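*Asks:* Sequence:
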Amino acid sequence: MAIGGYVGAATVGAAVWWYMVCPAGPHLNYYQLTHHLSCVTDKENFRGVDCAVFHDPHPMTMALSVLVTIEMLNALNSLSENQSLLVMPPWTNIWLVAAMTLSMTLHFVVLYCDILNTVFSVCPLSVGEWMAVLKMSIPVIILDETMKFIARKFIDAGQPAPHLRPFRSPSETSCMATPVSPEMLKKKN
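Going by the UniProt record's numbering, 85 is the number at position 85 of the sequence shown; the sequence numbering is gapless.
Since the hints were derived computationally from the structure, they do not count as laboratory data. Hints should not be assumed to be uniformly reliable.
Said to hold, decoys possible - Below are the DMTMM-like pairs computed for lysine to aspartate or glutamate, each with C-alpha atoms no more than 25 Å apart in a straight line:
id, residue 1, residue 2
1, Lys148, Glu71
2, Lys135, Glu145
3, Lys135, Glu71
4, Lys148, Glu81
5, Lys135, Asp56
6, Lys43, Asp56
7, Lys153, Glu81
Note that the coordinates shown come from a computational prediction; the quantities given were computed from them, not determined experimentally.
All chains should be modelled from the sequences, with the hints used to inform the complete structure.
*Replies:* Structural data, given as structure tokens:
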């Protein structure tokens with residue numbers, strides 16, 4: 001839930017960042033951003049704002065790029081449920097690294113190929129915008145590593161790792177009921 005909340009906040013935050021903070025953005029204030037539908041009619045609060053800026057593909061491209069990048073980093077985090085990336089590095093699953101590389105390559109092709117960025121209503125991002133994408137995406141690794149640390153130290157504390165637990169015979173783990181003799185029932189009562 002924490003990671004999902006962060007993914008949502010970072011995705012929306014990327015679009016908001018472009019509208020309010022990005023050097024190439026329009027530098028809108030909070031009111032203008034949250035009341036953008038009244039841009040044409042509310043001349044007083046939107047003085048100096050070109051309403052066409054709300055149709056610019058940059059904020060949605062920022063949001064999409066943050067979402068794609070975060071999900072690639074989440075894929076890295078899923079290498080192990082409780083082990084850190086320092087213990088289980090990405091190259092332990094070369095297929096995952098290949099899939100991530102292919103996914104990011106396709107994302108770049110969509111952004112930087114004129115025909116595709118028109119079809120998908122996105123646009124190329126500048127180096128500064130990509131730096132913002134990375135700054136918004138990388139904290140998901142820190143969040144997940146923190147959650148893994150808590151799970152290892154507090155939730156799973158005292159339990160041996162799954163690969164170190166003693167083997168149980170099928171009879172010990174069977175879901176079949178054990179026959180009960182009349183003598184056993186008398187002992188319980």
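*Asks:* Against the structure, test the hints numbered earlier, and report the numbers of the ones violated in rising order.
*Replies:* The structure breaks none of the hints.
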